[in-house]
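Residue numbers (this note's numbering), protein chains in the order written: chain A, 1 to 387; chain B, 1001 to 1266.
Calculated from the structure, these hints are not laboratory results. Treat the hints loosely; a few may be bogus.
[What the hints assert, rightly or not] Restraint ranges, calculated between C-beta atoms of paired labels, are given here: (1) B:Glu-1079 x A:Met-209: 16 to 26 angstroms; (2) B:Pro-1133 x A:Thr-379: 39 to 49 angstroms; (3) A:Pro-26 x B:Ser-1189: 56 to 66 angstroms; (4) B:Ala-1037 x A:Trp-145: 54 to 64 angstroms; (5) A:Pro-26 x B:Glu-1139: 30 to 40 angstroms; (6) A:Phe-188 x B:Gly-1210: 57 to 67 angstroms.
Since this is a predicted model, take the numbers as computed values, not measurements. Note that beta-carbon positions come from the ideal geometry of N, C-alpha and C, so glycine has one too.
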Amino acid sequence: MTPPPAQSATIGATGMPVRAEGPRRPPALSVGPVGWLRANLFSSWLNTAVTMVLVYLVVSWALGLISWGVLNAVWDVPGTGPRVDTSACRAVRGEGACWALIGEKYRFILFGLYPFDEQWRPALVVAIFVALYIVSAMRRFWNRWLGLIWLVALTAIGVLMWGGVFGLPFVDQERWGGLPITLILSTFGIAFAFPLSILVALGRRQTAMPAVKALCVVYIELIRGVPLISLLFMASVMFPLFLPEGMNIDKLLRAQVAIILFAAAYLAEVVRGGLQALPKGQYEAAEALGLSYWQETGLIILPQALRLVIPPLVNTFIGMFKDTSLVLIIGIFDLLNTAKTSIIEPAWQGFGVEAYLFVSAIYFVFCFAMSKYSQDLETEFNRHRRR
Amino acid sequence: MRQDAARTGEAPATRTGAGGGAQPMIELVNVNKWFGALHVLRDVTLTVAERERVVVCGPSGSGKSTMIRCINRLESHQEGQIIVDGIELTDDLKNIDAIRREVGMVFQSFNLFPHLTILENCTLAPIWVRKMPKKQAEELAMEYLTRVRIPEQAHKYPGQLSGGQQQRVAIARALCMRPKIMLFDEPTSALDPEMIKEVLDVMVELAHSGMTMVVVTHEMGFARTVADRVVFMDRGEVVEVGPPTEFFANPKSERLKTFLSQILGH
């Protein structure tokens, strides 16, 4: 027999400690910032000691950085051009940064040897590139207009850089340099390498056409097997030897093609990973519905496969963006090369740290934006997986 | 030309394909298939008439899934003939596409497209394969989603639905192509017991509407109530074919007797 409920209630009322109404809370010291600190940083004497040492190191390093970069830094030096007097910078070397270098040279670093009075053109080109990235990143523009926007933007960029029309003086490609070169190489690099890599990845999985498959495997293995530097050397030094007399394809285009081919081989393997991760049932369901190969690939397979590989894809994009700096070894003045060249004058020799920090910051802004965007894209795309 | 005068009477007038009602909807003649050295289909011969419901059963590895997957060429056969709706299945891609347009398939693991909503899953093939205007395809999809009793889920993603709901969507997706034949490859095997009924109910309804159906299943209750004929396969062979009453009451072969005692014995 079960006891009447009244009885157990009496026992509860008389024999047990009375508890507050509502759900029980965890002890105050185990939650919140205090709880976190106790659990992670001060849980034992050893941990406490390690925490103290690290805090000391971080703080002293940060203080040193502030005193070097801000407090003791030289922001301006007298004179300009060949008559510049950098003795103020030399006086504080090691203790203070010489930001005067950036003030004096930033236009050279950003735009290279582009005619000084015409540098608003590459500046505008950089702005167009950034606008293009922003527009392309917004899903609302992911329709047939995007292709047109790109076409217009790239035409405008070509017109601005070369000139020779609309009253703009012609500027030879040899004089292009700095950030526009980096953006041109990486934008065209990604824009061409990505579609190419998808075709190669699809070709590599093609079992019905062994010749296509073999071609794709050979391409990937051959390109992956050599350093980008050697590809660039081949493009700049060896390739012209095979061209007929008098025919010349310019150096920037050759480097661009080398970068595209190199990146596409890596991207193809990333895309292939995504293709392999899809269950076979997805292919079968698409086939059973009567979709053609390209419909199946474009509507079912790639949308899913590419979403799966967003992290490694963006990883490769970021790597590629920075790899464009290798063109400096074949004498193209990209952003890193202009920075290196800016400190070649005797007056500025020895201030490499400042110049490289400056371009690092620029590289970082672009790479971090890519990384951040890819995270948003992942969340957005994986919404359908949430229950 | 294969003509079967006796069958002409039962073919309904709605039949549109070439050849009239004299031809069976699906015809397998001495079909053989190997996976490597493994002989998975041995001289399989089977005809399915229009509006006929055929249930295929047999122990696992008996080749029943492979057989049904040959009918829409998800697997290719190496010997024999398969003729669907008057078209012979060969390596000719045109024929394969033509047959796939007329044959709907429902899989054990649903295989809905997880990146598309339920509605998009259903409208995809009508829009891209049948070139139907989007609005019309959506109306059609809603009609079939209503028939499988989940119109309210149309804008959710497959991952948000239960297994039984997903399988009903898969049925609606296949029906949106207005197929002449529906193939079911163990449609309830991946479902929790309490969801099997909701899927079977939809299939029974479909059977009563006159759809030509080939169903691979272990649901003997379904076979009993719905099937015109039941096919028993074992080790790649069709061992016995008969109407369900005959099939369950008087199994002739030893293998079918053993099989029935195993699945009905408890």
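Against the structure, the hints come out as follows:
no.	hint	in the structure
1	B:Glu-1079 x A:Met-209: 16 to 26 angstroms	holds (25 angstroms)
2	B:Pro-1133 x A:Thr-379: 39 to 49 angstroms	violated (34 angstroms)
3	A:Pro-26 x B:Ser-1189: 56 to 66 angstroms	violated (45 angstroms)
4	B:Ala-1037 x A:Trp-145: 54 to 64 angstroms	holds (56 angstroms)
5	A:Pro-26 x B:Glu-1139: 30 to 40 angstroms	violated (55 angstroms)
6	A:Phe-188 x B:Gly-1210: 57 to 67 angstroms	holds (59 angstroms)
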